[in-house]
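From first to last, the protein sequence lines are chains C and A. Quick note: the first sequence, position 74, residue 74 per the UniProt record's numbering, numbers continuous. Quick note: the second sequence, position 24, residue 24 per the UniProt record's numbering, numbers continuous.
You may find that some hints are simply not true.
[To be verified] Once the Cα atoms are required to be at most 27 angstroms apart in a straight line, the calculated DSS-like pairs of lysine-lysine come out as:
| hint | chain 1 | residue 1 | chain 2 | residue 2 |
| --- | --- | --- | --- | --- |
| 1 | A | Lys446 | C | Lys67 |
| 2 | A | Lys267 | A | Lys36 |
| 3 | C | Lys60 | A | Lys446 |
| 4 | A | Lys270 | A | Lys260 |
| 5 | C | Lys124 | A | Lys274 |
| 6 | A | Lys112 | A | Lys255 |
| 7 | C | Lys60 | C | Lys49 |
| 8 | A | Lys36 | A | Lys84 |
[Claimed, not checked] Listed next, the stretches of chain C that the computed footprint assigns to chain A, with coverage defined by at least 3 CB atoms under 8 angstroms from CB atoms of chain A:
| hint | region |
| --- | --- |
| 9 | 43-49 |
| 10 | 54-68 |
| 11 | 85-94 |
| 12 | 100-107 |
| 13 | 141-155 |
In case anyone wonders, no lab produced these hints; they're calculated from the structure. Bear in mind that the values here come from a model prediction, so they are computed numbers and not experimental data. Using N, Cα and C, we set each Cβ at its ideal position, and we do this for glycine too.
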Amino acid sequence: MPAKKNAAQPAPSAAATTQASTTATGSVPASSPVAAPAAKNAPAANWDKVLQNIYQYYMKETPQRTKLIDVFLVFIAVVGALQFLYCILAGNYPFNAFLSGFGATVGQFVLTISLRIQTTAANKSEFPEVSPERAFADYVVCSLILHFFCVNFIN
Amino acid sequence: MWSILSVAAALFAAAVSAVSTSGNRLLVVLDDVAEKEAYGQFLGDLTARGYEVSYETPRSEGLTLFHLGERTYDHLLFLPSKVKGLGPNLTPNRLVDFVNANGNILVALSSKVPTSTSLVSLLSELDISLPVERTGTVVDHFNYDTISAAESHDVLVLDAPSNIRPGLKSYFELHGGVLAFPHAVGHVLGSGPLLTPIVRAPATAYSYNPKEQAEVLDADELFAAGQQLALVSVMQARNSARVTVLGSAEMLQDKWLDAKVAKLGGKSTKTENKEFARRVAGWTFQEIGVLRVNSVEHHLQGSEELNPGIYRVKNDVSYTISLSEYVWDKWVPFVLPEDDLLQLEFSMLSPFHRLNLELTGTTDDAAIYGVSFTLPDQHGIFNFLVNYKRSLLTNVEEKNTVSVRHFAHDEWPRSFVISGAWPWISGIGATVTGFLGFCAIWMYSKPVGKKN
Numbered sequence: 001m002p003a004k005k006n007a008a009q010p011a012p013s014a015a016a017t018t019q020a021s022t023t024a025t026g027s028v029p030a031s032s033p034v035a036a037p038a039a040k041n042a043p044a045a046n047w048d049k050v051l052q053n054i055y056q057y058y059m060k061e062t063p064q065r066t067k068l069i070d071v072f073l074v075f076i077a078v079v080g081a082l083q084f085l086y087c088i089l090a091g092n093y094p095f096n097a098f099l100s101g102f103g104a105t106v107g108q109f110v111l112t113i114s115l116r117i118q119t120t121a122a123n124k125s126e127f128p129e130v131s132p133e134r135a136f137a138d139y140v141v142c143s144l145i146l147h148f149f150c151v152n153f154i155n
Numbered sequence: 001m002w003s004i005l006s007v008a009a010a011l012f013a014a015a016v017s018a019v020s021t022s023g024n025r026l027l028v029v030l031d032d033v034a035e036k037e038a039y040g041q042f043l044g045d046l047t048a049r050g051y052e053v054s055y056e057t058p059r060s061e062g063l064t065l066f067h068l069g070e071r072t073y074d075h076l077l078f079l080p081s082k083v084k085g086l087g088p089n090l091t092p093n094r095l096v097d098f099v100n101a102n103g104n105i106l107v108a109l110s111s112k113v114p115t116s117t118s119l120v121s122l123l124s125e126l127d128i129s130l131p132v133e134r135t136g137t138v139v140d141h142f143n144y145d146t147i148s149a150a151e152s153h154d155v156l157v158l159d160a161p162s163n164i165r166p167g168l169k170s171y172f173e174l175h176g177g178v179l180a181f182p183h184a185v186g187h188v189l190g191s192g193p194l195l196t197p198i199v200r201a202p203a204t205a206y207s208y209n210p211k212e213q214a215e216v217l218d219a220d221e222l223f224a225a226g227q228q229l230a231l232v233s234v235m236q237a238r239n240s241a242r243v244t245v246l247g248s249a250e251m252l253q254d255k256w257l258d259a260k261v262a263k264l265g266g267k268s269t270k271t272e273n274k275e276f277a278r279r280v281a282g283w284t285f286q287e288i289g290v291l292r293v294n295s296v297e298h299h300l301q302g303s304e305e306l307n308p309g310i311y312r313v314k315n316d317v318s319y320t321i322s323l324s325e326y327v328w329d330k331w332v333p334f335v336l337p338e339d340d341l342l343q344l345e346f347s348m349l350s351p352f353h354r355l356n357l358e359l360t361g362t363t364d365d366a367a368i369y370g371v372s373f374t375l376p377d378q379h380g381i382f383n384f385l386v387n388y389k390r391s392l393l394t395n396v397e398e399k400n401t402v403s404v405r406h407f408a409h410d411e412w413p414r415s416f417v418i419s420g421a422w423p424w425i426s427g428i429g430a431t432v433t434g435f436l437g438f439c440a441i442w443m444y445s446k447p448v449g450k451k452n
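Extracted from the complex, chain C is given alone in its bound form:
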């Protein structure tokens, strides 16, 4: 569910990209002159600036589908961490249930990362013959196999 909620954000983020476009153009040159004096008097403000810069760059330059992938990755990482935490706190019986539950999140995470690598425009030269549609189809098939395995293994 959080995936959808977060995925529903492209509208404001798209607005942010337009808004950030003005600042980004200003901030890229602004960062280099600021770096020299900030090292002496205001390092905290500088870090703040850097983070904001990264965020704005991300919001502006990242395609909407890649952002969707990132949101899904965060969701999977949270689900996996919760399951691992439960295993540490409550014990690992029945162990096959822990393995399949935790393994499902790990496997899904790895597959989603692969999808992200293959669909990023910057990596187009690495995968000349893999179109985004083809990458997504691979991803769906592999994920279904993973889910089948996990549901079977948890018995």
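Starting from the structure of chain C, add chain A where the hints point.
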């Protein structure tokens, strides 16, 4: 299979029911056949119990223990004979072969007659030592018979034996009786587990050679004294054949069976030699102390199938074994001696369980011992093993092999039955749902390439 076996066993039991479980052909070896008159009552009692008694001297030509590889006699009784060796037909090797072929031997010795070298060798094979020079008599200056041996002190009068140690059947226990041992030869037992002393000499007895040590007995030359000396001992081989050494052959003679004896300073009483001789011969010739396994049954609890070949780990299994004991002329339910336990081992190389079998029921001629237990969490080829080997009782070794398999894949509890698995089930659910939602939004979104 079992029914055929039990019918055969029943037929066999009927054929020999009047007498011993191992046959009724008895060979008595003595110096001169005429000597048997002296043992008339004892031998007559054996004949009356159903034995076919043959008499032979060691010199006899036709004497042979085996014919075409089969025993020609079931039991041997050696009475004292003056021959130095017993001849080519009764060599120690032949006698050991006879025991190996399930023949029983009762050896009666006397200090009046030097023991034959064949018998000395046979007994030393069994770790029973006789005095050197084949002669030696046991005397006791405190427990002698004042009527017949007031001077020579070589007729011992002993209280009837009590149980040698706890956990044995009391076949030789005669309450309150006395036994006379005239001119007895003592022997010393080795440490073998198959040997059991029945009557030991009292603490004040000792053994000496009347010919060479008549005047003075050097302590260095003493053969044995006190409780070291055994007067009656039994040996049961691993095949349950029995060998008994009776130190005094004369106690079997008519004149000693019911003789009046008197201890030093005591009244004259009748000896219990007759009953004791009957029991010694009966035990040796397998009329008492013989066990039979009628049936072994094991089954899964809640299942009707008997003796299945395969079980699963952690199954609840019941095991029963039916045992009978032969007492003189009939099979009766076997009752364990006091302080003894019948145990079942469930073993694969080494026992995983060793459990006490409890008496669960009794029929006319059999006692049923059983136990229920849970199989170990280990799959493999296992044996139900009852290994009951005790002195004075024939050996019982019953082994039934079964396979124990592991859980089949559909015999485990489902994960949703185990509440501990619910968080992980919901974890998979969240992952799958998230995946579906992700795919839906992905396909709804505008592709990257066609952004502009």
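These are the hints, each one checked on the structure:
1. A/Lys446 - C/Lys67: 12 angstroms, holds
2. A/Lys267 - A/Lys36: 32 angstroms, violated
3. C/Lys60 - A/Lys446: Holds, at roughly 16 angstroms.
4. A/Lys270 - A/Lys260: 5 angstroms, holds
5. C/Lys124 - A/Lys274: 113 angstroms, violated
6. A/Lys112 - A/Lys255: This hinted pair holds, its Cα atoms lying about 16 angstroms apart.
7. C/Lys60 - C/Lys49: 16 angstroms, holds
8. A/Lys36 - A/Lys84: 20 angstroms, holds
9. 43-49: violated (count 0)
10. 54-68: With 5 residues closer than 8 angstroms to chain A, the region 54-68 of chain C meets the three-residue bar; holds.
11. 85-94: holds (count 5)
12. 100-107: n = 5 at 8 angstroms, threshold three: holds.
13. 141-155: With 6 residues closer than 8 angstroms to chain A, the region 141-155 of chain C meets the three-residue bar; holds.
Checked against the numbered hints above, the structure breaks hints 2, 5, 9 and satisfies the rest.
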